[in-house]
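Trainee: So the chains spell out like this:
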Amino acid sequence: MASIIIAEVLCDDAIADKIRDKHPPLTFPAVRQALIYARDVQAGWEEDQEHGRRVAARGMTYAGTLFVAYLSPLNENDPEEGTFKLRTAIPKPD
Amino acid sequence: MMKVVEDMAGHMRDDHEPEPTWEEANAAFEAAEPAELVRPARKLVVVYRYADGCWSATSPDLEGFGVVGLSLSEVKAKAAEDLASFLDPAVELDEHVVEPAVTLAPGQKFLIVTAGGNVITVDTSSRSRAYISSRSLRVPA
Numbered sequence: 001m002a003s004i005i006i007a008e009v010l011c012d013d014a015i016a017d018k019i020r021d022k023h024p025p026l027t028f029p030a031v032r033q034a035l036i037y038a039r040d041v042q043a044g045w046e047e048d049q050e051h052g053r054r055v056a057a058r059g060m061t062y063a064g065t066l067f068v069a070y071l072s073p074l075n076e077n078d079p080e081e082g083t084f085k086l087r088t089a090i091p092k093p094d
Numbered sequence: 001m002m003k004v005v006e007d008m009a010g011h012m013r014d015d016h017e018p019e020p021t022w023e024e025a026n027a028a029f030e031a032a033e034p035a036e037l038v039r040p041a042r043k044l045v046v047v048y049r050y051a052d053g054c055w056s057a058t059s060p061d062l063e064g065f066g067v068v069g070l071s072l073s074e075v076k077a078k079a080a081e082d083l084a085s086f087l088d089p090a091v092e093l094d095e096h097v098v099e100p101a102v103t104l105a106p107g108q109k110f111l112i113v114t115a116g117g118n119v120i121t122v123d124t125s126s127r128s129r130a131y132i133s134s135r136s137l138r139v140p141a
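Top line first, the protein sequences correspond to chains A and B.
So for the first sequence, the working numbering puts the first residue at 1; every next one is plus one.
So for the second sequence, the working numbering puts the first residue at 1; every next one is plus one.
Keep in mind the hints are simulated off the structure, nothing from the lab.
It should be emphasised that the depicted structure is a prediction, and the values quoted were computed from it without experimental measurement.
Heads up, a few of these hints could be off.
Said to hold, decoys possible - Computed spacing ranges between beta-carbons, pair by pair:
| id | chain 1 | residue 1 | chain 2 | residue 2 | range |
| --- | --- | --- | --- | --- | --- |
| 1 | A | Glu76 | B | Ala77 | 43 to 49 Å |
| 2 | A | Glu50 | B | Pro89 | 33 to 39 Å |
| 3 | A | Ala2 | B | Ala41 | 20 to 26 Å |
| 4 | B | Lys43 | A | Asp94 | 30 to 36 Å |
Glycine included, each C-beta is placed from N, C-alpha and C at the ideal position.
Take these sequences, add in the hints, and give me the full structure.
Mentor: Shown next, in the form of structure tokens:
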């Protein structure tokens, strides 16, 4: 089984704004905290025709919102470096 | 220059492309190639403070986390219980207890001892206002 090392998650302001505005109650800090600190986070590699190879991760925020997040390695030449850029996060509706 | 244009195009695409629904995102996750998630050693900072007769615990690392209690041991137990349901068991707590602020009774005086050895006496009726570290204060008996 392949491995995914997640040490840090970064995000552009535009993506953080998009998550906050389009996908409440998710926020970038809540998603980042879950991906780094939470139990039971699952992740896999996805080959997307449009976006290329990226990580899909599923977890739960401290506030209890289940979500799926898409992340791209910050350094595409070294995907095991552990730093990812958050592309979006989708909450499970109530 | 071409790289900048490509980056800008990608940035704009992120803003305007349609977002998947939960069902689509979850189905894509289920179809992804499973991988073992590896996270390096992590510490979560928890800060305990005493104010207005009770203790509180918050964390600069965790949005929305906060518990209160009447004693430090009580609030530590509540924090541990609350965090246990969320935190990955491998995460270590980095706990800090903030020194309580000095509170003066009405009419009580305190002395400020400066680095040069000067002593300033102030009482609570003084019109002056200042924020002074509790480490610099000596309250006479």
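Trainee: 33 to 39 Å was suggested as the range; check whether the CB atoms of Glu50/A and Pro89/B agree with it.
Mentor: holds, 37 Å
Trainee: Do the beta carbons of Lys43/B and Asp94/A sit within 30 to 36 Å of each other?
Mentor: holds, 33 Å
Trainee: Note whether the CB distance of Ala2/A and Ala41/B lies within 20 to 26 Å or breaks it.
Mentor: holds, 22 Å
Trainee: Taking 43 to 49 Å as the hint, is the beta-carbon distance of Glu76/A and Ala77/B inside that range?
Mentor: The hint (43 to 49 Å, Cβ to Cβ) holds, given that Glu76/A and Ala77/B are roughly 46 Å apart.
Of the numbered hints given earlier, the model fails none.
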